[in-house]
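Participant: Just so you know, the protein sequences line up as chains P and W, in that order.
The first sequence begins at 1 in this note's numbering and counts up by one.
The second sequence begins at 1001 in this note's numbering and counts up by one.
No lab work stands behind these hints: they were computed from the structure.
Check each hint, because a few of them may be wrong.
[As the list claims (entries may be wrong)] If you only want the chain P side, here are some residues facing chain W, beta carbon under 10 Å, derived: (1) Ser237; (2) Asn374; (3) Pro465; (4) Arg631; (5) Pro633; (6) Phe644; (7) Met724; (8) Ser783; (9) Thr786.
None of the values given here were measured: they were computed from a predicted structure.
Backbone N, C-alpha and C define an ideal beta-carbon position, used for all residues, glycine too.
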Amino acid sequence: MSLLEQPSIWDPEVDFGTPAVVADASVSVTIDGRQVDVPVGTSVLRAATEAGVTIPKLCATDSLKAFGSCRMCLVEVDGAKGVPASCTTPCADGMVVSTQTETVRELRRNVMELYLSDHPEDCDGCARGNCEIQALAATVGSAEVRYGRPESREQVAHAHPVDESNPYFSFDSSSCIVCSRCVRACSDIQGTFALTVEGRGFDSRISAGGSDFLSSECVSCGACVQACPTSALQERSIVQLGMPTRSVETTCAYCGVGCSFRAEVSGEGQDAQVVRMTPSKNGGANEGHSCVKGRFAYGYASHQDRQLSPMVRDSIDDEWRPVSWDDAIATVAAGFKAIQAEHGVGAIGGISSSRCTNEEVYVVQKMVRAAFGNNNIDTCARVCHSPTGYGLKQTFGTSAGTQDFRSVEQADVILLIGANPTDAHPVFASRMKRRLREGARLIVADPRRIALVRSPHVEASYHLPILPGSNVAFVNAMTHVIVSEGLHDEEFVRERCEDADDYLAFIADPSNSPEAMAGATGVDPDQLREAARLFAHAGNAAIYYGLGVTEHSQGSTMVMGMANLAMVTGNIGRSGVGVNPLRGQNNVQGSCDMGSFPHEFPGYRHVSEAGVRGIYEQLWGKTLDAEPGLRIPNMFDSALAGTFRGLYIQGEDIAQSDPNTQHVEAALRAMDLVVVQDLFLNETARFAHVFLPGTSFLEKDGTFTNAERRINRVRPVFDSKVGMDEWEITCAIGRAMGYDMSYAAASEIMDEIAATTPTFAGVSFARLDEVGSMQWPVFDNDSVGTPIMHIGEFVRGKGRLIETVFVPTTERSTRKFPLILTTGRILSQYNVGAQTRRTANNTWHPEDVLEIHPADAEVRGISTGDLVDLSSRVGSTTLRAQVSERMPAGVVYTTFHHPVTGANVVTTENSDWATNCPEYKVTAVQVGVANARGDEAVAEAREPAETHA
Amino acid sequence: MKIAAEARMGNDIARQFAHLPPAQAAEVIARHIETFWDPRMRRELEALVAEGDDSLDPLLVDAAGRLAAHASRSEPDALP
């Protein structure tokens, strides 16, 4: 049996050839005798596919606009001359199409012959089933090639050495048919424009800008690989593992975009392996796109560093001892109970993880409230978007962004502040760039010259390089211009908002003017005024922001300030507008929704509300504490004070991610029992007494909720590698503590969430499996969710305009520490790096570096690559410098992906006044050439402040 | 001198409301602390006030005196 006769072992998503069209009107066409109704504007190719008629194609794919170059999808239309390409021919009402006439079959055979004349017979993709050419040749009946065919790849006219520079995929030009799908994917979908077609005729070849892929502008999003109809661009995992045999639809476990993926797998049970992750076209958040993390960096789930057995030790100086689950859980329960017996009910607590599912997080907060008997539950959102929760609840009535991601496609002006989406939220950034290429205007307010300020076919109308710590001054000045010049939406303010008179008087005061605030913001007042006018005059103006807003001493005030700006200009309650937080981790929104804060039950309801408390008391059969518990920073302070002595940490690495590392480590050392549940022995585990192995997203059954409130299913690809699901572990601890909490399946946990949380009332696994995803609120089983919030009325009734007085941070540059450090992320790494550092993503970012302005570098004698000491009033570390014009003078920047450099050794205890979110973005520092040189200096970089006094 | 965590955090809150009339500011600060602070932190703040800790913002001192007056919270943490 030839390869062509082998049955298909793989069932990829249906490719409709051209994108779906949204239109109110439809037309009816008949294709090969089958009638189909499609929206006006739909191509014949797509209509045929929808009707179950397969038309051969090569250059067409439904993620890209029709190109009309391959001449394979030719058809005949009754009453029309010629043989049009079905991909570029729109359906007309009453059209009768024939796709298999002898005329078009002959033309296709001839065209196919030409393709085969330059396609090697030894194409390994064809043999493997990952190249469409051979199968298509069989379909169109090209039995022989009159022009000859290269027997091997070396004989192909445009063959070049295989480019294997990228760790995840290769490019073999000999298999390439130069259909330009990859070029168009890079430009139209990703928006990077890294690829082009070089040469002419038979010498035409795809080029990554004249260099190899790794050295090029390529960001390894995988869009080109996804689009390639041959094996020219191919995942290296396909070569290593072969084609997948099944797929599982699930959700990425990296950033808050929450992309849907098909985990394509071979093997079953414990032998199953992920062959590749491909972005799901039906994913509401990503619609078929991906980034280098979600698409490729999943190998950490099976990394040799995974800890698969529970372990205990009496002291943090002892070696770990593997134990059974029963012994580990008994140790945890006995330890926590002993602490409570000696030091009180409130002496223990838990931290839930934004990397875990809603169901896993829900049971952790339930365990703390019902089994521990207190409200000492907090989550890592404390250190990122807790000000978003506070600010948006105060102003709009609920703690979430107002829009879906698709909304950006209607925006006319985008204010991007404190966010760098091309690095931190790359799939959404591609969506935003597409809108900018269509003509939307962009205002970037950021100290750094981020990529979106100027990149291929995108240029911000204004880049306002605000000084770190001046966000509130900036947003007040923006709103001041709009109100004082009468550009605000008076009707919206009067009808939809409250406290309008007081707020308008406050913001119109000259003390909020751009000129008055220029000393704080560092921004040219004229530029700021022009930007404010642009925002005010937009039909739809939208605000997108990230941790550059929240991680400040006035993070919550700034969120309210942005809400004020949106309300004053009437930019709330429809598509294209809104206040849009770009959440950091995959389930930050969900972990907050699930009651992970010490003052709130699920659904953001305060623990003091007797009616809400009663719901849980009745269901859980326990009297619950009506007082708020400790937040994470408060836990540390209380640990050092001796009143907090036991901590359960689910999937977080607080010893690396939280500020003032010395303080965190001292607090952990002070506790009697620290329990870490994680994939790896992370930095925090150095201070743990019990280690409980966790499960990766490929083993989880549950849901994640992304930044647009979209609840997506997470489905297991493998059985748990550690023998238990994480929610089962948590329940087991609860039971061992004396509180009976059990579920038969994760779906039962969601059922309990839905039964007790009005905004989730219509959510269940069954409904999610049926409709794909839903954006809360989902008030009942008739609803499929709420993409846009606050239409007609705010959740709290009227939107609240709150006076946002600018109060400068107490962290200021001094003669000793004259620079300001701000921290962030880079594209290839994620958060503390526990996942991405265990993948080939280290190729791009093997260590954290300090970006510094040329003038600041020169005066210190620093060149790119030099080791430098970075010191603040709390600590010091050593890392390499990168002189960069992206930085403004006086400001330096680094990431915190690598524990060896430990950027948080230098960040301080300063925090947002309302939520205690750390002020990561403003730390006064000094930088100097390191005395010691060599890698060992980095390895032994971190020192507390005492040694630098 | 090292400032107690409760004093530092309380002062941060107080600075946000310094633009309000003092009595109103103290009331708002007290309500925020009740809504978000664990009882042991509130007790620590009250102890600092009782000790006469001079690092405390006067508005925070006033707010601490109002904590006991709020036995129940029908509307948690609504700003003025």
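Participant: Please go over all the hints and tell whether each is borne out by the structure.
Facilitator: These are the hints, each one checked on the structure:
Interface restraint check for P/Ser237: the shortest CB-CB distance to chain W comes to about 48 Å, outside 10 Å, so the restraint is violated. Hint status for P/Asn374: holds, given a least beta-carbon distance of 9 Å to chain W, under 10 Å. Interface restraint check: P/Pro465 against chain W, minimum CB-CB distance 26 Å, threshold 10 Å, status violated. With 10 Å as the threshold, the beta carbon of P/Arg631 comes within range of chain W, its nearest partner Cβ sitting at about 8 Å, so the hint holds.
Taken as an interface hint, P/Pro633 checks out: its beta carbon lies about 8 Å from the nearest beta carbon of chain W, inside 10 Å. At its closest, the beta carbon of P/Phe644 sits 9 Å from a beta carbon of chain W; the interface hint therefore holds under the 10 Å criterion. The interface hint given for P/Met724 is broken, as the beta carbon of that residue sits about 32 Å from the closest beta carbon of chain W, more than 10 Å. Residue-level restraint check for P/Ser783 is violated (minimum Cβ-Cβ distance to chain W is 28 Å; threshold 10 Å).
Restraint check, P/Thr786 versus chain W: the minimum CB separation of about 24 Å is more than 10 Å; hint violated.
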